[in-house]
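> Starting from the structure of chain A, add chain B where the hints point.
Protein chains: 2
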Amino acid sequence: MCQLLGMNCNTPTDVTFSFAGFAQRGGRTDHHSDGWGIAFFEGLGLRHFVDHQPACESPVADLIRRYPIKSRNVIAHIRKATQGEIALQNCHPFVRELWGRYWVFAHNGDLQDFHPRLHANFRPVGSTDSERAFCWLMQEMWKSHAGVPSVKELTLTLRELVPSIAKHGRFNFLLSNGDALWAHCSTNLYYTERKHPFAHAQLTDDDLSIDFAQHTTPQDKVAVVVTAPLTVNEQWTQFQPGELKVFVDGSAA
Amino acid sequence: MCQLLGMNCNTPTDVTFSFAGFAQRGGRTDHHSDGWGIAFFEGLGLRHFVDHQPACESPVADLIRRYPIKSRNVIAHIRKATQGEIALQNCHPFVRELWGRYWVFAHNGDLQDFHPRLHANFRPVGSTDSERAFCWLMQEMWKSHAGVPSVKELTLTLRELVPSIAKHGRFNFLLSNGDALWAHCSTNLYYTERKHPFAHAQLTDDDLSIDFAQHTTPQDKVAVVVTAPLTVNEQWTQFQPGELKVFVDGSAA
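First to last, the sequence lines map onto chains A and B.
In terms of our numbering, the first sequence opens at residue 5 and continues consecutively.
In terms of our numbering, the second sequence opens at residue 5 and continues consecutively.
Only chain A is shown next, with the shape it has when bound in the complex (with noise of 0.2 angstroms):
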């Protein structure tokens, strides 16, 4: 099993403080530590960073955390391995192109038997159930639309084709594409919203808290998705099983 962290803001944000958060649970706080990645929009172009060392120890994660990279929407992925062995190819998040667009997925959970007919032009590159989901959705998006759909169009489609695979076992997902951050869930994941008036959050997984007030403006809006809350004094809400929303300019559509 995995975690998940997404961030979906109006405004360019930096996810330094989350992902210092998350980061120690590759390994130090808990034991997802069979790499980890991130991958960050910046207007139509991409940063994508993946690792297999744990994310605690790796380098990279460590300049995640000093540099404060600026985006509208994150996702990141801290690795227990579950199917797939420990290498580069099966890090998440996973990324492919449609419609000359990026489109990035991280997944926490286990899929039993699901070995969709890829018969289009996206196929795995790794061996985790994880890669085939995403590219069985890209296949199918492909399919649904002939470019890229409206927000509502694809929330749409996503809710047809989700079942499918969430029949296999657990399929807690994030996608984006750079417009909008899409979170599935099926047994743990959680929200937040943060707005005007910005307020003062301490870490759960770390001594580190932060003043959001004073580095926001109060039109900012940035909301946080994870597998487990990361703060312990911000208000969490759990999403249903079975539930997908949208996140669109830091709120949930």
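Source of the hints: derived by calculation from the structure; they are not laboratory data.
Check before you lean on any hint, since a few could be wrong.
Said to hold, decoys possible - To give a feel for the contact side, a few chain A residues facing chain B, derived at Cβ under 7 angstroms:
1) G49
2) L92
3) Y106
4) R127
As the list claims (entries may be wrong) - Quick look at which bits of chain B chain A covers, simulated, 3 or more residues with Cβ under 8 angstroms:
5) 9-16
6) 37-51
7) 59-71
8) 85-93
9) 103-117
The C-beta atom is built at its ideal place from N, Cα and C for all residues, glycine as well.
Below, chain B alone, put in the same frame as chain A:
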């Protein structure tokens, strides 16, 4: 115009020495300061770093210089924008997946009136002539083979495809799928093969030298391909205009 750096080896090797000199051209010893990028194959997996900051100032480039990532195939690029704005989505190298493998491409040059029909599933995300050329190459490779071709077969296919792009202008490029490194020259490209007995090398662009004999075994073979020679005391062979070479296990095949 831009600059290219490629490395192909028979054993995973770090590129820190060559990259240290190359990165200096990203704003310090030369004017290629409109972004940079590097991709490292690691087995089937890929580490891909891009940044729109000059390579000589980028914290990510600093990480690459200090963190020895070992790889058998590396492609790096520093950008001087000709077509396409300075933005992350226009930074090379570009990555796509085909037949369950990652493909990496970087281009140095300038293509005039090159707007090929992209009717398959490879579309540019950014606005460069280079990414259009990559998408067209991927499309035509996909049409020419049912699965991953052998290095020899793909070399034949590329020899057929490349002239129809190269007639539009300067088309120096590097391409890799992790098995081999393909390099095409239309104006400027050089390579050197480092092998036993290994010698001392002194960078052209930085006050840095290395005794490769201390960092290698007699079996190691490393080919380096670059827009302009990186060292003052190694033998660099210039490509002929129109020449396509493929490097496998650290040697020109």
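> Checking against the hints above, which ones are violated?
Going through the list in order, the structure violates hint 5 alone and respects the others.
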